[in-house]
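Sequences listed follow chains L and A, in order.
Taking the numbering used here, the leading residue of the first sequence gets 1, the next gets one more, and so forth.
Taking the numbering used here, the leading residue of the second sequence gets 1001, the next gets one more, and so forth.
Among the clues, some could well be false.
[As the list claims (entries may be wrong)] Below, in silico cross-link-like pairs of lysine to aspartate or glutamate (DMTMM-like), each with a Cα-Cα straight-line distance of 25 Å or less: (1) L/Lys72 to A/Asp1073; (2) L/Lys72 to A/Glu1219; (3) L/Lys179 to L/Asp105; (4) L/Lys129 to A/Asp1135; (5) L/Lys179 to L/Asp112; (6) L/Lys119 to L/Glu185; (7) L/Lys129 to A/Asp1073; (8) L/Lys72 to A/Asp1039; (9) L/Lys179 to L/Asp88.
[Said to hold, decoys possible] Not the full set, but computed from the structure, chain L residues with beta-carbon under 7 Å of chain A: (10) Thr98; (11) Asp105; (12) Gly106; (13) Val110; (14) Asp112.
Treat the hints as calculated values from the structure; they're not laboratory data.
Predicted model only: the values in this text are computed from it and were never measured.
Where a beta carbon is used, it is the ideal one built from N, C-alpha and C, also for glycine.
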Amino acid sequence: MRRALLAVLIAVAAVLAAGCTGTAPANATPSSTPNATLVLNGTTNVTLDYAGVLALPSVSGVGGAVSTTGIKYGPFQIKGVSLRTLADRVGGLGSNQTLRVHAPDGYMWVIDADQVDGKGFVPFSPELKELASPPKLVPVLMYEQNGTPLAEEQGGPFRIAVLNPDGTPVITEGSGWVKWVDRIEVR
Amino acid sequence: MRAAAAAALVLLLLFTAGCVSAPAARTPVSCMVAGSLVDPLAGFEAEYEATHPAVDILVEGHGSIQAIRQVTDLNRSVDLVAVADASLIPDLMAGSTGAYTTFGTTEMVVAYTNASRYADEIDEANWADVLARPDVRVGIANPVLDAAGYRAMLVLLLAEREEGRQVFGPVLGDHLSPPLSPVGNGTGLELRLPELVRPATGGKVAIRDGSIFLLSLLEAGGVDYAFEYRSVAEGHGLRYLPLPPSINLGSAAYADRYRNATVYLGFQRFTAIGTERMGQPIEYALTVPDRASHHAEARAFADALVRAAGEGRAGWPAPVAPVTVGLGSQ
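If we strip away everything but chain L, and leave its shape as in the complex, we get (with noise of 0.2 Å):
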């Protein structure tokens, strides 16, 4: 009986101190995922799944944003699809259009057909110190940060990032990074 009662303190410990030790199973897999889908509007309009966006032609880089109030996230690793590969999917994008990202929690940003192709950012270093010469950057929807599928506490399954392809880390204002986008609009 003692040697029961034991064996079952001995047990309970020990998943205790698994719960407390171990580290916690990284969130791979965002829940959303098997459901997500990209609406793509242009002179056509496309409408995408998680697996269709993955099969788009992909770019990697290293990047990361920092907020208006100066917090930084990054940089990582990030692979996503660039936004002009995007825009082409619907017709393309005019030097005078821009790109409307929309997420389903009210938010809008837009960007340029300069800012698609690179342009216009302001860079930083990872200390937040502005660059004198700009890397050239690659907007980009991002899926994947860091190896593993953008959680959804990432902004995922899919967000806006921009990177720098050549691997060097680059910081870029956060405002564009947008969240849990599920439409691009060429305007």
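Place chain A on chain L using the hints.
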């Protein structure tokens, strides 16, 4: 065997003791505050916690609208919201809070450093002419993202109307891409922004997402002058030029006059709020949302914050007689 098991048990119990018997928990009070309140609250947080050790004040800075959206749109558990525009609370939080309290004001100033061109020459009479000089670089925050940005534009519109000559264009509008000009709307001036407000080439004007980056640009010599809140300029130890109360958005006595300037943002960033930004006195306000997890602790902290603001601390919004406005949601 039994001894070994007992030893293992003791080890495990020791090992887990720090884990399962948590230290006395502090009650977290989650505060979403306007960016211009982050620095003042950083010091006040420590001061408050020193006398309230059971409370952990957690301050998170956002633009004022984003601070509110953490409650209304993103459904986060928030105990206190403090914003740099009191009118946003009745507009956006009427269903989320029962009342709000105004607790401070500030005014728009022109901040600069000893290294700014013409720093020894600029004064209340010539500031617009100095800022319009071709070799002077001027910075504003992005009007779509930061209230200080569209308030800078409102100041220039009010100055133009008051002085009866072009001010907005020479200082700012002529150096944007595309160039921008205000138009008359009866008694006042209004400005309609394009979707993206970008500086023209030439470097006369710089625009940054948040005023924090404008400050670092100013301190690094990237711009000579920047439109900022007086409290922020003071908090960063910058020199600044006060502007006349009739245009600086800091005096309730001039509220009617401020309404003669309106800026329309180029797009609706949030579905919850439109694009019109009309001049009005700058007024800070706070509220404890109905769904606050720690209502009593948040209320106590809010009361302490309002009292502290009333002391007229350096780098804080200037004190006003606090007014609590009921919204009728409770």
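Exercise for the section: Have a go at the L/Val110 hint: is there a Cβ in chain A nearer than 7 Å to its own Cβ? Expected result: Interface hint status for L/Val110: holds (5 Å vs cutoff 7 Å).
Handout entry: Restraint check for L/Lys129 with A/Asp1135, where alpha carbons must lie at most 25 Å apart
Key = holds (24 Å)
Exercise for the section: Take the C-alpha atoms of L/Lys179 and L/Asp112, compute the straight-line distance between them, and say whether it is at most 25 Å. Expected result: Roughly 18 Å between the alpha carbons, so the hint for L/Lys179 and L/Asp112 holds.
Practice task
Quickly compare the C-alpha distance for L/Lys179 and L/Asp105 to 25 Å and report which way the hint goes.
Solution key: holds (9 Å)
Practice task
Would you check the hint for L/Lys72 and A/Glu1219, treating anything up to 25 Å between C-alpha atoms as holding?
Solution key: It holds: about 20 Å lies between the C-alpha atoms, which stays within 25 Å.
Handout entry: chain A contact restraint for L/Asp112 - C-beta distance below 7 Å
Key = Nearest chain A Cβ about 5 Å off; hint holds.
Handout entry: Restraint status (C-alpha distance of L/Lys119 to L/Glu185 at most 25 Å)
Key = Satisfied, since the Cα-Cα distance of roughly 20 Å is no more than 25 Å.
Handout entry: L/Lys72 paired with A/Asp1073 [C-alpha distance capped at 25 Å]
Key = holds (23 Å)
Handout entry: Hinted pair L/Lys129 and A/Asp1073, Cα distance within 25 Å
Key = At roughly 33 Å apart (the allowed maximum being 25 Å), A/Asp1073 and L/Lys129 break the hint.
Exercise for the section: Please verify that hint: L/Thr98, Cβ, nearest Cβ of chain A, below 7 Å or not. Expected result: holds (6 Å)
Handout entry: Given hint A/Asp1039 paired with L/Lys72 - CA-CA distance at most 25 Å
Key = Holds: L/Lys72 and A/Asp1039 sit about 16 Å apart, inside 25 Å.
Problem - Interface hint compliance - L/Gly106 to chain A, C-beta minimum distance less than 7 Å - result: Because about 4 Å separates L/Gly106 from the closest Cβ in chain A, which is inside the 7 Å limit, the hint holds.
Comparing the model with each earlier hint shows a violation of hint 7 alone; every other hint is respected.
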